[in-house]
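Enquirer: This is what each chain is made of:
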Amino acid sequence: DVKVTQSSRYLVKRTGEKVFLECVQDMDHENMFWYRQDPGLGLRLIYFSYDVKMKEKGDIPEGYSVSREKKERFSLILESASTNQTSMYLCASSLERVGRSPLHFGNGTRLTVT
Amino acid sequence: AQSVTQLGSHVSVSEGALVLLRCNYSSSVPPYLFWYVQYPNQGLQLLLKYTSAATLVKGINGFEAEFKKSETSFHLTKPSAHMSDAAEYFCAVSPDNDMRFGAGTRLTVKP
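In the order they appear, the protein sequences are chains A and B.
For the first sequence, counting from 1, position 85 maps to 85 in my numbering; every step adds exactly one.
For the second sequence, counting from 1, position 107 maps to 107 in my numbering; every step adds exactly one.
Possibly wrong hints are sitting among the right ones.
[Said to hold, decoys possible] Subject to a maximum C-alpha distance of 27 Å in a straight line, what follows is the list of computed BS3-like cross-link-like pairs (lysine-lysine): (1) A/18 to A/55; (2) A/57 to A/18; (3) A/53 to A/18; (4) A/55 to A/70; (5) A/3 to B/49; (6) A/3 to B/69; (7) A/71 to A/3; (8) B/49 to A/57; (9) B/69 to B/49.
It should be emphasised that the hints constitute simulated quantities derived from the structure, not laboratory data.
Kindly produce the complete structure, drawing on both the sequences and the hints.
Expert: The structure is reproduced here in structure tokens:
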């Protein structure tokens, strides 16, 4: 069974801090994704990656960057955290490109920026 | 662009009653369609997916969904609700390389 592990369940950071959210998957999936989840808005795609060293912007990339140095690890970076980035962040991976196969999600990181 | 509309942000049913969660999509081409479930403090799990093999799709935990092209709908049903079905449910649509999620429907099951 695919396991997607997010390193932190809860994080509290101060405005202006640099924040790293880590995600690791154990099924050798090429494709990895970062979403944020907000009430009433569903899931919105921040960034995705179809290969090591490769990244693509999703719908809401502003204020975020990503790193994919190894196939199994996909990190989301908030360069300078702001209060409007308080949210639930979900990492996912898939065997095939988005849509052709389902996404496997981690348990999420609830980030609070004060 | 794709969009997904889930009618009703909150649905409440009694234990043993029919569950019906509505999903409509806009798509110019036949899409892939998914339902995911999210239990408290967890990520999303796949309930079922439609990939054009059959219009009625059976998923886990007794859920099923029917693809109706003429209505651009993919409603999720379960004949008899169980307390453990209380969760948030998300419909998602994807023609190719772009998965769009609905806003979610929170299901409450009353004893």
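Enquirer: Determine for every hint whether it applies to the structure shown.
Expert: Evaluation of the provided hints:
1. A/18 to A/55: holds, 20 Å
2. A/57 to A/18: Roughly 19 Å between the alpha carbons, so the hint for residue 57 of chain A and residue 18 of chain A holds.
3. A/53 to A/18: With Cα atoms ~21 Å apart, residue 53 of chain A and residue 18 of chain A stay inside 27 Å; holds.
4. A/55 to A/70: holds, 12 Å
5. A/3 to B/49: Holds - the C-alpha atoms of residue 49 of chain B and residue 3 of chain A are around 20 Å apart, at most 27 Å.
6. A/3 to B/69: Violated: residue 3 of chain A and residue 69 of chain B sit about 34 Å apart, past 27 Å.
7. A/71 to A/3: holds, 14 Å
8. B/49 to A/57: Cα-Cα ~25 Å, so holds.
9. B/69 to B/49: Given pair residue 69 of chain B, residue 49 of chain B holds - Cα atoms ~15 Å apart, limit 27 Å.
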